[in-house]
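Enquirer: Starting from the known structure of chain A, fit chain B onto it as the hints suggest.
Chains as they are written, first to last, in our numbering: chain A, 1 to 314; chain B, 1 to 382.
Computed list of lysine to aspartate or glutamate pairs in EDC-like fashion (alpha-carbon distance at most 16 Å, straight line):
#1 A:Lys30 - A:Asp8
#2 A:Lys57 - B:Asp382
#3 A:Lys211 - A:Glu28
#4 A:Lys57 - B:Glu220
#5 A:Lys211 - A:Asp301
#6 B:Lys117 - B:Asp63
Partner residues aside, some chain A positions facing chain B, computed with beta carbon under 10 Å:
#7 Arg76
#8 Gly82
#9 Tyr83
#10 Met84
#11 Ser89
#12 Phe90
#13 Asn99
#14 Ala104
#15 Arg105
#16 Leu106
#17 Tyr107
No lab work stands behind these hints: they were computed from the structure.
Because the structure is a prediction, the values reported are computed rather than measured.
Built from N, CA and C at the ideal position, the CB exists for glycine as well.
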Amino acid sequence: MSDAPIIDVHGLTKTFNGRAVVDHVDLEVKRGEIVGFLGPNGSGKTTTIRMICGLLKPDAGDGTCLGLDILKDADRIKLEVGYMTQRFSFYEDLTIRENLDFVARLYELKPRGRIVDETLARLGLANRQGQLAGTLSGGWKQRLALAACVMHQPQLLLLDEPTAGVDPKARREFWDEIHELAAEGLTVLVSTHYMDEAERCHRIVYISYGKVVARGTVPEVIAASGLHTIVVKGGDGAGLVRKLKGLPGIEQIAPFGNDLHVVGTDERALAASVERAIAGTGATAMPDATSLEDVFIRLMDQSTDNFAPAEQRP
Amino acid sequence: MKLHRFSVSRIVAVMLKEFIQMRRDRLTFAMIIGVPIIQLVLFGYAINTDPKRLPTAAIVADDGPVSRSIIAAMELSGYFAFTGSGDGFTTEAEARAMLARGDVNYVLTIPPDFERKFVRGETPQLLVEADATDPSATANALGAFTQIVTQGVSTVTTGALGGMKPGGAPVDIVLHRLYNPEGITAYNIVPGLLGTILTMTATLMTALALTREIERGTMENLLAMPARPYEIMVGKVVPYIGFGFVQVLVILLAAAVLFDVPMVGPMSVLLSTTTLFVAANVTLGYTFSTLARNQMQAMQMTFFFFLPSMLLSGFMFPFRGMPGWAQAIGEVIPLTHYLRVVRTVMLKGGGFADVAPNVWPIAAFLAGVAAIALFRYRRTLD
Numbered sequence: 001m002s003d004a005p006i007i008d009v010h011g012l013t014k015t016f017n018g019r020a021v022v023d024h025v026d027l028e029v030k031r032g033e034i035v036g037f038l039g040p041n042g043s044g045k046t047t048t049i050r051m052i053c054g055l056l057k058p059d060a061g062d063g064t065c066l067g068l069d070i071l072k073d074a075d076r077i078k079l080e081v082g083y084m085t086q087r088f089s090f091y092e093d094l095t096i097r098e099n100l101d102f103v104a105r106l107y108e109l110k111p112r113g114r115i116v117d118e119t120l121a122r123l124g125l126a127n128r129q130g131q132l133a134g135t136l137s138g139g140w141k142q143r144l145a146l147a148a149c150v151m152h153q154p155q156l157l158l159l160d161e162p163t164a165g166v167d168p169k170a171r172r173e174f175w176d177e178i179h180e181l182a183a184e185g186l187t188v189l190v191s192t193h194y195m196d197e198a199e200r201c202h203r204i205v206y207i208s209y210g211k212v213v214a215r216g217t218v219p220e221v222i223a224a225s226g227l228h229t230i231v232v233k234g235g236d237g238a239g240l241v242r243k244l245k246g247l248p249g250i251e252q253i254a255p256f257g258n259d260l261h262v263v264g265t266d267e268r269a270l271a272a273s274v275e276r277a278i279a280g281t282g283a284t285a286m287p288d289a290t291s292l293e294d295v296f297i298r299l300m301d302q303s304t305d306n307f308a309p310a311e312q313r314p
Numbered sequence: 001m002k003l004h005r006f007s008v009s010r011i012v013a014v015m016l017k018e019f020i021q022m023r024r025d026r027l028t029f030a031m032i033i034g035v036p037i038i039q040l041v042l043f044g045y046a047i048n049t050d051p052k053r054l055p056t057a058a059i060v061a062d063d064g065p066v067s068r069s070i071i072a073a074m075e076l077s078g079y080f081a082f083t084g085s086g087d088g089f090t091t092e093a094e095a096r097a098m099l100a101r102g103d104v105n106y107v108l109t110i111p112p113d114f115e116r117k118f119v120r121g122e123t124p125q126l127l128v129e130a131d132a133t134d135p136s137a138t139a140n141a142l143g144a145f146t147q148i149v150t151q152g153v154s155t156v157t158t159g160a161l162g163g164m165k166p167g168g169a170p171v172d173i174v175l176h177r178l179y180n181p182e183g184i185t186a187y188n189i190v191p192g193l194l195g196t197i198l199t200m201t202a203t204l205m206t207a208l209a210l211t212r213e214i215e216r217g218t219m220e221n222l223l224a225m226p227a228r229p230y231e232i233m234v235g236k237v238v239p240y241i242g243f244g245f246v247q248v249l250v251i252l253l254a255a256a257v258l259f260d261v262p263m264v265g266p267m268s269v270l271l272s273t274t275t276l277f278v279a280a281n282v283t284l285g286y287t288f289s290t291l292a293r294n295q296m297q298a299m300q301m302t303f304f305f306f307l308p309s310m311l312l313s314g315f316m317f318p319f320r321g322m323p324g325w326a327q328a329i330g331e332v333i334p335l336t337h338y339l340r341v342v343r344t345v346m347l348k349g350g351g352f353a354d355v356a357p358n359v360w361p362i363a364a365f366l367a368g369v370a371a372i373a374l375f376r377y378r379r380t381l382d
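Here chain A stands alone, though its shape is the one from the complex:
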């Protein structure tokens, strides 16, 4: 049982108005893993998560979550899953404690008072328990939401862009908490836009226009992309970009502060083009590790837009 995957779904498909928002997605998450679910806006991350926890019915595909059939056992899956929605969806006109009490009663937790007290203390919400949830800042709302979805000690945590609109310190603390929970055996599937958060995951799955286009550990994904990066320092940045653009082997140019990241798949063509462009400008070029962000931008550029009519898509 312990070796069986926590999430094991195949061919998940969801169509809205004739458009496949999620298109044959396979996903496997093992116990204790933190898996990052990445992809641009509208790529189908939220829809996939909702199908796993029974909030949406897949049009095709099947699979298990915690060993339970996602199509038939949604009620039992809900008992063992903590789902944190993208938008804050607790009651703004209830206090923190009242919200937690409500959740504790729904899960029939006993002894309720003590469990709520412990949850409040653990997440540092004890002093604010009488405050209305609607008056909390983004960071505190996120803490409350996390507290509410881990209170019933789920085996699986589904987090949908949990740190959107939260300041860096609160994000850091949030991730520390996630890692602590994972160390205790909790499995986490977290969707995000942030590269630094992706790098905090054990494994990432990249989805674009409803299709999984990359998966593995961060180094694996970078290696699989086959991209090479040359960092150009110094010189006239804007002028260099103009010169570099369109040269053979150069596929992406992205400024990072005063540096330029020049990315391409053909290592030799890339190096030759950069040498040619910087000759006489005083700029220096050095090969460097390709960043996850460069890989993602490339993945986004490559994938087919599913807003196009269905019959025109490959």
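Expert: Showing chain B alone in chain A's frame:
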């Protein structure tokens, strides 16, 4: 963890949550108290199908004891209040102008030679002109007029003219109002309002119950947690039944204190049928909220239901006066049956046996809408 089929804890969870939210929502709270009072005052006071002391002008061309006693009898009846300068008499032109402007509802004309013809027993003419733009406002006063005149004249004929008493009233008008002999509109309207107010507020409040969760985004969370449709339904409906009861007490208290409406029958019958009626309406509201996509739609559905309730239940127009198809629709509406129950209990003093034929249709309605709600409740975000 075990998933129980039916969990009291989960129902309590939803109930407590709803109670707290209701308490925090000042507007809803104000509505619960304010709407019944406003409606009571408007309908109880403003709407009156038997108005009294309507302004009247008198053109008296032959002033004498007979005409004076007729005028006195009209004043005494309470329907007419004479206006005008000095002795209360006006000229013809003045009276016509007042009638046209709406300053008076009636003009009474006593023609020349009225006294002489009366003494001779020639049955003189007496003219009353009424402003009939609002027929209901003048109908009752006119209906009573013949009798008022007959009575007024009789005071004269008992004296010196005792020998020439006319042979009985020319028109025999019988005013016979069962259960409400004085024809006090409030006796009829206030019990009816009990039902209409409950129909509107109870239905509306629960109609917003689910759509509000959807619009605030809390529905996604509620669906992700282990709560079953009937647990959510019972949890959401019960608090509003409680609130409906608060309204019932407000209305009954107002009925007794402000309008002196009698409470002839047993209170236990009234309260138990009221509970059933409120349950039917809040469940209907909940059903609307499972059908509606947003709060606006839920409100529209409520009013869509409220209008036929008002018009076809017998609250505004006599039920037996409606065509067959309208009566058929009316029989489905809980308010129709509830109005009969309330009038039977409050005014006629009926008990359980008397109201039973009107109780089961309400119960059947409740079961029907609850079934639709459970069937229509969306367990997913699809």
